[in-house]
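Using the hints, position chain G against chain H.
Those sequence lines, one after another, are chains H and G. Using the working numbering, the first residue of the first sequence is number 1, and each one after it goes up by one. Using the working numbering, the first residue of the second sequence is number 1, and each one after it goes up by one.
Heads up, a few of these hints could be off.
As the list claims (entries may be wrong) - Within a straight-line C-alpha distance of at most 20 Å, the following computed DMTMM-like cross-link-like pairs (lysine to aspartate or glutamate) qualify:
no., chain 1, residue 1, chain 2, residue 2
1, G, K76, G, E174
2, G, K234, H, E55
3, G, K234, H, D50
4, G, K113, H, E58
5, G, K234, G, D118
What the hints contain is simulated information worked out from the structure, not anything from laboratory work.
What follows is each chain in one-letter form.
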Amino acid sequence: MQSFLALVSALQEGTPNTVAYLILGYVIIGVVGVGYVVTLLWRQRNLHRDVEMLETLEREEPE
Amino acid sequence: MATIAKNNSTPVALTMLTAFTGLMLLIATYLAFIFAPTEITMGDVQRVFYFHVGAAWAGALAFGVTVYAGVRYLIKPAPNWDILGHSSVEVGLALISITMASGPIWAQAVWGKPWTWDPKLTASAVMWLSYAAYLMLRQGIEDPDRRARFASIYGIVAFASVIMTYFGVRFAQETIHPVIIGPSASVPDTTIRMTSPMIVAMVFSFVTFSFVYGTLLWHRIRLQNLAERVNALKMRILNREVA
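Same shape as in the complex, but just chain H:
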């Protein structure tokens, strides 16, 4: 058991420090994911404005 733990410890000491890449990876995942959600919200807002404007136009009497 002790030799097994020593092996694990030795392997962990050799584990590269890649935390910076981990953070960068999840930042990019967040940017792409949130970016897409923002485009959805932006398009939705614009379409709601269009609907309101067109409904107002429709209610008005034609000249």
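Chain G only, in chain H's frame:
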């Protein structure tokens, strides 16, 4: 399936689904960052895989739904099938973009370079371009019926790139892309090369991204319905002006 919406308010079910998906994402993040152990040879960057693979799975699911919608449209043309197929491609492309953007970060840490023309990576790039072209080509066709017919056929044919990316490259001997769940030509055994907590985090990520896809798809369909409503209003006003 959703029809052309006249009510602007978000359905309670969609609000609840969105909140639930957000909660799932938080749990998936906890499992990826804290619950799953650090992989010994790659270090912490391996944790990128939980979202990278989850998004890849959900992207493939999205493109599969587009095939289904395309087949249904070709059997019996109805605008709702076209809306479903179109929306699914857009959401799928966003999910595959997550996979394509996060992969090079992992590759830079592990391979020392962000990209190689490995069969798996090349097939993924072809898949991404195929579906980006789907969205661009749709915009070039004005007649709605023609556009929907074209998009249905394209959506079915483009799925070949998904099959090539996820299954075809398993026959490639020379791929350096990791194969987590075997077998493949490069890794012939069927063992899953992950510890139990890693499997839990990965499976949870698969489920979470399925919910992310479903939630985004519902929002995207509602957006398309709103766009159809705008078009219908424009036509009504134009016709009234002409009359």
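The hints, checked one at a time:
1. G:K76 x G:E174: Violated, at roughly 44 Å.
2. G:K234 x H:E55: holds, 9 Å
3. G:K234 x H:D50: holds, 10 Å
4. G:K113 x H:E58: violated, 58 Å
5. G:K234 x G:D118: violated, 49 Å
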